[in-house]
Each structure stands twice: as C-alpha cells, then as structure tokens.
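Protein chains in written order, with the working numbering: chain W, 19 to 524; chain A, 19 to 524; chain G, 19 to 524.
Treat the hints with caution; some may be incorrect.
Identical chains blur together in the list; that is why a pair holds if it fits in one copy or across any two.
[As the list claims (entries may be wrong)] Distance condition first, Cα-Cα at most 25 Å in a straight line; then the derived DSS-like pairs of lysine-lysine:
#1 Lys512 x Lys440
#2 Lys67 x Lys398
#3 Lys421 x Lys432
#4 Lys203 x Lys421
Hint data in this document are derived by calculation from the structure and do not stem from the laboratory.
Given next are the chains, with one letter for each unit.
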Amino acid sequence: MRKILFAILILFIFSSISFGAKPKLSRESEDCISCHTSIHPGIVADWQKSLHSKVTPALALKKDELSRKISVKKVPDELANIVVGCAECHIINSFKHKDSFEHAGYKVHTVITPDDCAVCHQEEADQYSKNMMSYAYMNLNNNLIYHNLIDSINGVYSFEDMKIAHNPPDDNSNADSCYFCHGTKVEVIGMETRETSEGEMEFPILSGWPNQGVGRVNPDGTIGSCTSCHTRHQFSIEMARKPYTCAECHKGPDVPAYKVYMVSKHGNIYSSFGSKWNYKDVPWIVGKDFSAPTCATCHISLVATEERDIVIKRSHQMNDRISWRIFGLIYAHPHPKSPNTTIIVNKNGLPLPTELTGGFAKEYLIDEREQEKRRNEMKKLCLSCHSYQWVEKHYERFENTIKTTNQMTLTATKILVDAWQKGAAKGLEQNDSIFNEAIEKKWVEQWLFYANSTRFSSAMAGADYGAFAFGRWYMSKGIQEMFEMLQLKLNEKKQNEIIMKRGGKR
Amino acid sequence: MRKILFAILILFIFSSISFGAKPKLSRESEDCISCHTSIHPGIVADWQKSLHSKVTPALALKKDELSRKISVKKVPDELANIVVGCAECHIINSFKHKDSFEHAGYKVHTVITPDDCAVCHQEEADQYSKNMMSYAYMNLNNNLIYHNLIDSINGVYSFEDMKIAHNPPDDNSNADSCYFCHGTKVEVIGMETRETSEGEMEFPILSGWPNQGVGRVNPDGTIGSCTSCHTRHQFSIEMARKPYTCAECHKGPDVPAYKVYMVSKHGNIYSSFGSKWNYKDVPWIVGKDFSAPTCATCHISLVATEERDIVIKRSHQMNDRISWRIFGLIYAHPHPKSPNTTIIVNKNGLPLPTELTGGFAKEYLIDEREQEKRRNEMKKLCLSCHSYQWVEKHYERFENTIKTTNQMTLTATKILVDAWQKGAAKGLEQNDSIFNEAIEKKWVEQWLFYANSTRFSSAMAGADYGAFAFGRWYMSKGIQEMFEMLQLKLNEKKQNEIIMKRGGKR
Amino acid sequence: MRKILFAILILFIFSSISFGAKPKLSRESEDCISCHTSIHPGIVADWQKSLHSKVTPALALKKDELSRKISVKKVPDELANIVVGCAECHIINSFKHKDSFEHAGYKVHTVITPDDCAVCHQEEADQYSKNMMSYAYMNLNNNLIYHNLIDSINGVYSFEDMKIAHNPPDDNSNADSCYFCHGTKVEVIGMETRETSEGEMEFPILSGWPNQGVGRVNPDGTIGSCTSCHTRHQFSIEMARKPYTCAECHKGPDVPAYKVYMVSKHGNIYSSFGSKWNYKDVPWIVGKDFSAPTCATCHISLVATEERDIVIKRSHQMNDRISWRIFGLIYAHPHPKSPNTTIIVNKNGLPLPTELTGGFAKEYLIDEREQEKRRNEMKKLCLSCHSYQWVEKHYERFENTIKTTNQMTLTATKILVDAWQKGAAKGLEQNDSIFNEAIEKKWVEQWLFYANSTRFSSAMAGADYGAFAFGRWYMSKGIQEMFEMLQLKLNEKKQNEIIMKRGGKR
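Based on the provided sequences and hints, a complete structural model is requested.
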C-alpha cells in the first residue's frame, strides 16, 4: 500500500519539477516578449511549446553525443545558460545582416538564416550547404533553359490578331509559384516608417518577402532556410520527421514523393499507426519508435537499434544516400557532384546534366562507384525490416524503371526533334523557346510529370500512383498523342503546300 | 499525504458528477429512443456523444457570453431544462413543416432546417441566411447560363449519324452531382405505406432526398442545411472546425481549398500537430488551443487571445471576411452584395457578375471600401502569428494573382470569341450553348479549374498546388492549346473552302 | 477511502498480469529470433507488437465465438499452447512449399500463403478463395484483351521513320505496375549462395519477388496473399480496418474508392473522429466502436449492436455484399458468378463480361435475384444509421448512375466503332490492338477512369469527386473530344482523297 502511495507522491513531485521550473530567459528576449506577446500571441505561444524555450545549450550538451540535437561542442559562454529566446536568433548575429535595424533599443533582424542557426547547429548548416536544396534558387534562376521554362509558365499570355504574345512574369507571380519552394532573393530595398501600437517605428522593406524556400538567398549572404522544414517557432523535430513537411514542396506531379509515399505500404503503416509513434527521441530507434519509415527516416535522420547501434547516420546533405537524380532534366541521371548545377554544360553547350537525346554530362555527375556507395548506404536502412533478396530485387526494379522511363523520354524527344526538323514546330535551331508550343508542352509533361512520377512510384514502392494515377498510362498515351500531333501537323503542312502549289496562292 | 488522497477523492467525486448525472430527457424524446435505439442504433449512439444529449439550454445559458454556443438569450420555458433530444428538433416546429406526418402518436418531420436550429441558434441562422451558401441551390438552378453548364455536364450524350445529341440530365443525376453540395429542393410528393417492425406505417415521400447541401430548399420554406457542416447527430463543433468538413465540397479542381490548405505551411502544421489541439472550447484561443488556422479559424470562428481579447468575431456569413470572390464566373470579382446572385445582369444582359470580356457588373458587387474593410477583418487574424510586412506582402501577391489570372482568362476568352466570330465554333450569337464544343470545354477549364486553382493557391499560400499540380502550368498550356485548336480549325475550314471552290463540290 | 485505494491496487496488479506475463514461444521461433533480432530488428519489433506474439491459439479459442478472430475449432495440439512466432508460419507447412530451403538446421520458406494462415484462419482463407481478388493475377494475365492493355501501358515505345514501335514490357516493369497490386507469379528459379553475418548460406532465388499483391500465385500452389491487407508482421486488424490499407490499390482513377470515401460524409466523420474509435474489438459495435463506416465495415467486417445482435456477418468473399461490378469492362455489370473470369466469353467471342456495344454476358453473371440479395445484405448496415427512405433513395440514385454511365460509355464506344468502320482508326476487324491509337486511349479513359469514378462517387456518396474532380465533367468532355477527333480525322482523310484524286498523286 505504502509503496503505491509513495509512487504516486513521486509522480506528483516529479511532474512539478519538470513542468514547474522556469527556464532562464535573456533580458533581451524578455524585452521582446513583453511587447510581442500581445502583438503576435501566436508566435510567442508557439515558441513556448518549443524545446528552445525550455532547454539551455549547456543542458543540451550534457546529453550523450548520440542523443544530442545540438551539434557544436561548445556555445559562446553568454549563451550557454539561457534558453534560446527571440534575441538569441534575431539579435546576436545582426552585425552580419544587411536587414538588421534599430528596434526598441536593439539591433534586430527579421530573416533568420543558416548562419544564425549554426551557432548551435553547425554540422547541419555545413551539410545543408552541400545539399542541392540550398542552391534551389540559384540553380533555377541562373540557368537560361530553366528560366525560360519558368517564364513560359508564370508569364501572362495575350492574344491579338491570331498571335499569342508571352509577357514575362512579374516578381510576385514567381514568388507565388516556383520560387515559393525554391526560395527568393531577399534584399533590403528601402526603409519605411509605420505607425504601430508602440508609436512610429522604422522598418526595412524586404524584396522577395515573405519566403521560406529551401534555397532562399538571405540578406547576410547565406543561402537556404532552416524554417522550410523546421517550422518556426516550434522548430520541432517531430514536425520535420512527419511527411507533411516534405509534402509542402514534394506533392505536385513533377516530384510526387508524398503522393507515392501515401499509397505505398510504408505510407499505409504510417497512416494507420503513426499517431502512436515517438517522433522526438534522438537517435530514432527502428521498430521501437516507429514501424515504417517516413521521408526523414530514409533521407535524413539518425537511425539506431534498441542497442543503440547506428543503422544510418544523420545527414542534412540529403543526396548522400541517393544514387540517381530521378526528376530528370530531362532524363534521370547520376546525382550531380556539386550542389551548384549552374556550372554544368553538356556536349551541345546546353546547361543540362543530360543531352537532349540521351546520354549524361558525365564529368559533372557522380560515377558508378559513388552511386554504389550511396545505394549501399540507403540499403542499410531497408535491411532493418526487409530481407537481402527483397532489397536487392527492389533496387533491380528501380534501376530498370530508370532505364525504361529514360527510353520513353528519348522516344518523346525524338518525336519533338523530328517536329523541329520538319518544320512542324520551332525549337533551338530556330532560336525559339522549346517550351511554348503545344507539342513542346506535351513533351515537358512526358519527362517532368509522367517519367518522374513513374520513377518515384518505383523508388518508393507506391505502384498505384505510377500505373494509372500519373505514371505509365499517361507516359505511353502521351507518346502516341505527340506522334499523332506530329502526323497531323505534317499532313496539314503538306496539304497546304499542295494546295498553294496548285492554286498559285491560297 | 492526506492532501494527495483528498485530491484523488475530489477527482473521483467530480468525475462521477460530470459523467454520472443523467441528463433530463423529454418524455417525447424518450418515446422516440425507446424504439429507435434498436432500429437505428448508430443514430442514437451518435446523439449520445453530442453535447445536445448532455446539456440543457438553461445550463448553456449560464456560461459567460463569450463562451456560449447557444446564441438566443432565452429559450421557451418548456425547453429550458431538458436536453436537446429527438423531439426537440423533429417535433416542436412540425406545424411549420409540410413534411410533418403522424408517427407513433406524434406529429414529426424528417428534414431539420435552419428554423428548427434557430430556436437556440438564432444568430447563426440569421448570419447564414446572408451567406451566399444558403442560396447555393437557387443561384445555380435559376441562372440560365449555369443551368446550361450543368446540363452539359450531367446530361447523357448520344451519338448517331455523325451527330452528338445532348439529353438533359434526370433529377437523380443532378442530385448525385452538382446539387449534392449545392442542395436540392425537398418537397413532399406523396405518401407511402410501409410494413415496419412496429407494423404498418405511413410516411411522406420526399423529392430530392437524401440531401445535406448547403443551399437546400426545405419543406418549411427555409433555405440551407446546418447539417452540411454540423454533421448529424453529434453536431460537433470539433468536426466543423476540422478541414475535412469543408473538404466535402471544396476539394475538386473548381474550388480546391482543401488541397491547397493541405500543401500549405498551415496545413502542414495542422497535419503534424493538429491531433493535440483543442477544438471544443469557445472562444478559440490562438496559440493555446491551436498553432495554425484551419478553414473555420479564418472564415467562421470566434478567435480570442489567452486574455480573452477578441481577435475576430464569429460569423456564419462567411463572406464578411472575404473581399474577392475568387472562383470566377468567369473572372474573379469583388464579392456580390446580395447572397442572391440571380438578380445580377451584366451589361450584355447575361446573368453573370462579370462581362465575358472582362469588367465587373459593379452595381451588384461590393465596392473597394467594403473590400478594404473585409480584408482588414481577415488581416487581424493573420497578424496573430505574422508580422505586418509579412501580411501586407502576402496580400499584395494575392491581389497580383487575381489580376494576372483574370488577364489569362481574358486571353482564353478572346481566343474563344475569335473562334465564334470566324465560324470555328458556335457561341451566344449563333444561339448555341457556350459549353458544348471541345474548345469551349477547354475554355471552361481555363477559368473554372486553372485560374481558380491558381488563386486559391495564392490566397492560402499553398504554392505547390498552384504551380504544376493544377494551376499555372495548365493555365498557360491551355491557352496555347486553345490557340492551336483555333489555328487548326481555321486552316481546316480554309482548305475545305478552297477545295470546294476549286472542285465545285467536295 | 479504502475502496479507492483498493481499486488502485487492483489496477496495478491487473496491469502487471496482462503486460508482465511472458508468452510461450516455440524453441524453433526462439532460434529464429536469436539471430534475426539483430539482422532485421524492425521485423522482430513489429511482430512483438502483434497479437500473434502474445496470444496462444488455445487462449484465442477460449473467447466466445462471436468475439473470436481465430476461425478453426481446433488447432494441432503442438501449436495450441505456444504463441504464433516465426516458425509457426515459416516452417510448419514447408513440406508443401517449393520455396522451402535448409536454413540454420530448419526447412523454412519465405513466402507465406493463405494455406499457411489457414491453420488458424481456415474460414477466411476459404472465403477469400471465392473472392475475385484471389484471381487478380490470373484474370489479368490470362485474358488476351487485358494483357494487350497491359502491354500498351507498360511497354517501351520507340520512334523511327515516322513509326511508333511498341516493345512488350519486361517482367520488372509489370511487377512494378499492374502486378504490384494484382500479384505476381512467385516461383523458385534457382539457388544462390551468399556471404552472410552467419557465414555462407544458400537461398532460393524467387521470380516476381517481392510482391504482396492480392492474387499472387504462390510457390505452394495457392493463390492470394493475406499480407496485402494484414500487413506483416503485426497482422493487425486495426490496420486492415482503416481505409489506408485499401487505398494502396484503390486510389487511382480506375478504382478511386479511397478518394471518394475521403470526400464523403463518411470519410469526413472518419477523418474528424476516427482517432478516437476502437478498431480492435470483435465484433465491431456500430455507434459505440465507430460512428461511420470505413471500407472494411461495409465490405468485410462482422458488425453488431451493443446488445451483440449481428448487423452483418464477416466475409472475406467481399463481393457477397456487392450487386454490381462498377469498374466496368467495359460497362458496369452484375457481378460475375465465378471469381475466375477467364472463363467468360461474350457473344462476339471476346473474353469480356459485356459486349463492346452494351449488353451483358449474362450466363456468367449473377442474376437479378442474387443482385437483390446482395443489395439487401449491404442495406442492413446502412439502416444502422439511416432511415429506410434515405437508403432506398440512395440506391435508386446509384442504380440510375450505373444506367447513365453505361449509356455514356456506349456513346463513346459508338464513336470509336464508327472511327474503325470509316478507317479513321484500326480496331478488332483490322486485327489491330484496340488500345494503341490516341482515340482508343481516350476511349479507355471514358470507361476506366471517368465512368468508374462517377460510379464510385455515386455508390459511396462522395459527389465532389464525381462532378469536377474526375467524373462527369471529364466524361462529357471526353465524348465531345472523341467526336471532334473523329470529325477531324475524317475531314483530313477526305481532303487527302480529294487532293490525291485531283492531283494524281500527292
């Protein structure tokens, strides 16, 4: 009897310790909160739910290394024993920030960047800088071909006298479309004075704001945005580990990872049981904490066994487990060596990792040995729940899908090239956009939508998506349609020629 | 020690009070339940989970005004101290109901209407009657152009002798399609006698039944259906606050609010953390009860701070926070003044809020000042979690998207008008449906699917949906395709003319 | 006071009993686990969460008959008092398995089949063998027309000299596409020796592996795969009862059951409240355990009332509650009598349950009386929560939708037949595939995507999906497009003929 009562007592005392003790907040952060609690109650409440508001770096460093979320060995002394409040991110690095401004007696900046986070999370910032995502804005914006594709999608078309004119997109349209995920360039473009609840105040005006894209170019010169995945102001590892975070940018038909996952056995297990899993602990224990992988499990997280043997190491350079880049440009190809793909030039002088008619721009891409290495890294994880043969044969199918989808893209491209050569459409040689005519747009869908979707479906075993939903059915149909479009255009052209020849003029 | 035991004791006593005390049920409702528990166990069990089965109006009125769900100041004395059972909805207003009938000694009615609910929820019923949704059936059914669109979608086509004939849809098809969400007209069309477990009984036969559409025309002369969102028989505020309720009718490509939400940062936060939120309390406390808005938060709910300062008032006239109507007919336009849009006639005499070639039927639409007012109302909520500049620039982008998507719709419309004028298709001037030819159907998709989707994606910051999934990509592609369709038709026509001229006959 | 403390004590004791007692594991299974815990920690951890690891058959048989998950009356004595571990499935039936092999002193097999599960779940295995799903591989693979459709989807197309060549798909592509869900043929095609952590070992090489498709042909001669729905190694009834399991194969546009469910009122209730439901108990109590049906509720589960009156019996022959087969081939039709549909030959000698131009291959399909019987079986469940009239009128609409969608398919087919007859396309009479030309692929979408989607939407009251998302809009648009394609082809042909006739040659 007494033991039970004692146990209850301990429970009460324990809970009062863990929840009752006030975390130590810096004076600066206290100042922030004193106003902002009423101005932006949602932000403050959100931060209060975060680990940042509860744990000091010094405490975080007391955990054994395998369990740590903090990756520096030491933080500056003045930060060690206070929790991570507003000021610790929005003030300390302000001297590096072009967007910093005088505000209520402090120099603060709005845009938090990988460098700000690196004070405690240096390793992750370093890895992420080698992740292609950090170059997502630059790789898109500084590539003439991709840029032309953007223009053809986001621009405003007009119609007059049987002609279509394409007006280039404005910045707001781009920021609302491609650059929303890829990131914008955020710069201070002026200052403005506003009446606020605390009187008149001056604020910098930011271009490309708001934005949380993965390759955002920041006012402190860094690239990337941690809040893309570690959503402010909880910065929760739980959230980053759930598939909805990746889905923000990986759901559309060009990169349908989320949709494929959700129709896969893995996604089914997650949907059925995921609400009971542990998303908070580091390392993440396979079998105990979760029964099936989420996106993060395979691509980022530190996974270990119950005996704390490491299955796979954490990495924020996500492609180091990925052997192929399966959203082809225009074919699936070995992963680029450098995250900066603007340096790539193929044999025909185009800024593409593959030739238009197949073949890889090899010198810019990882070789087969590196592919093998990355594949093996990923397989370690698969083997936690699958037999050797299961894993090998899964990869065999996946590699086969890469091959066949590339063949299908080649076929579509050959039809298009034929159309260009026979005057049924205008392409590169005619110095025309390769994205503006109907047959060209159809061709884009062949590789960007259908071949990609088929490959994602194969890579992540979500076959239902790759069959009828948005994969093989449309891929094979599209080729036939492109072919009949070409036939029709050529027949139309020939008839016009015959009629003109016979009639003198039409 | 004693204190702890005392606390446990209090807990036990408290729980036995709140869960143990039997709610007082009317004799009439007891009668209903005595049979229906075995006939429809699911209905009774569902109701037992509802607040209606547990709280009397008198108790509900004891709550402070801000926390109340009941909105009348007083209910009829005979209802005050009994819970809301079967009879309280299905009997008390029966004298107003044309669908009421003798049943087991009572006059009961099947179809519960806003007037029935207004006995306790008058304010919500009043607001909803000013909400365009309440006119969803009438606005669709009584507008010749919309009606023609419905016919072209739900009708049965036949093919004979190289001609397509369109047969108008039957009522069942319409009820299963457009009117499922918009609402049907429910009328008593006869009586039938049926053998039941309680012997022979007589029941009214209802047209348009079952239906829970938002603009249902009810047998008591009212319009609307509270159960569209407050699903019978739990009538749970929790359910109405979750996005799945809105998704029942706002998921398709014409109004993809749910899909956009789910791919937005808000949707991600909801999906990741929403299972831990409090959906039951009134007012709904930002930051404490929830960390990101659901549909209801922005469009309906009473939101307050922890200090119980009102952030935004509850409204069942949902458009009073909405400045633009973004699912265009055929362009996005300022919100109509009246929920009854059948009164609208544009300059060309068409029952549309915009001209076919751009421009608004201004006198029927709210002016810029009212737009500004509604925009500001919504911004109050945004500012709970976002900075002033964030919110302003978000709206700037959104307004820009309205402008550019309207331009894109104009371009598509110009192509179609050209087709009509040049005889490549038949339109209004030829006294033909504007929805029956392939190029016209393509045109419908331009504004109804792609421009709408792009605008939803912009309004709710779900860019992934508005880029490749179902927005700008298809919008720009569609214009090019319409243009090439027109070119082809004109060339075909010209060739035929030349051939006929030259040959005398084909 | 004492009573409370006593209750707490009882609780403690009880929980130590139920969680603390070690289940008895066979020596063979202990052997398996001793190595595989470290080799495949995820598998073992998953199994440990299963009921199999906790309950012996003898204990399972002690439950009252209505609550049992085990369906045999008696298991072999040697299995009765041990839990179901590795060996109990992977060893005991090995003598029947062509894939069995010597492994660490045991004869084991990898592929678990319905016969293995039947040791305890005989009734379910028997029912499933009458379920069309068990024939999913054979019905697809052994039907010339379906096979030709597969080839046209999964094959690799090439383009040379203005000709498209179709190369038949390889086995990996098929296994990654159609056969992923339908099942593959798993056979031992050789042996391989591998270096493992336990030294060199020999393993059988399996064709068509991995696969968990519903109609898998197994190395022991059986067909089907229980793990399609009862995912290894938890084999959880909870998971099978949740809609994500069915979604693995029923989400695409050909059978969009999941998408329709999720947009229906039922799906909304599930999404809003489902996390609070009880998915574990047998029988499943309507109203108490759940408030709205999932897929399993309507199609498989044993449902009862709180008084334990059976509402509907469990069945793994899922079509015994289904009167129509609504994913038409090519029309919706009464359900086939035999799960083996390869025996069906229509009047025109085609292996199809309907004629190309409407009409049923009646002798192979259930008659109206059987349809009525199955419909009534399903209605029992509907009536748990819906009134008689609600249910009747729902079915009236559904039957009407079957009629109108079949009419729409007939219209599309007539256009295609006209195209074949007039030489605008090549079909059966020209001894050509009916799936390779653009107009034929459009025709396939008419019945396989749009008519099916409309019917699913009608059957399960998810109207939003059947209107604009993927139903009536596309169905009516597609007919018009097919018609204009035909017009264009015929005009093109006629012009070519005239030009050729006049000019002697083109």
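Checked hints:
no., hint, result
1, Lys512 x Lys440, "both (11 Å within a copy, 23 Å between copies)"
2, Lys67 x Lys398, "between (35 Å within a copy, 23 Å between copies)"
3, Lys421 x Lys432, "within (16 Å within a copy, 39 Å between copies)"
4, Lys203 x Lys421, "between (37 Å within a copy, 23 Å between copies)"
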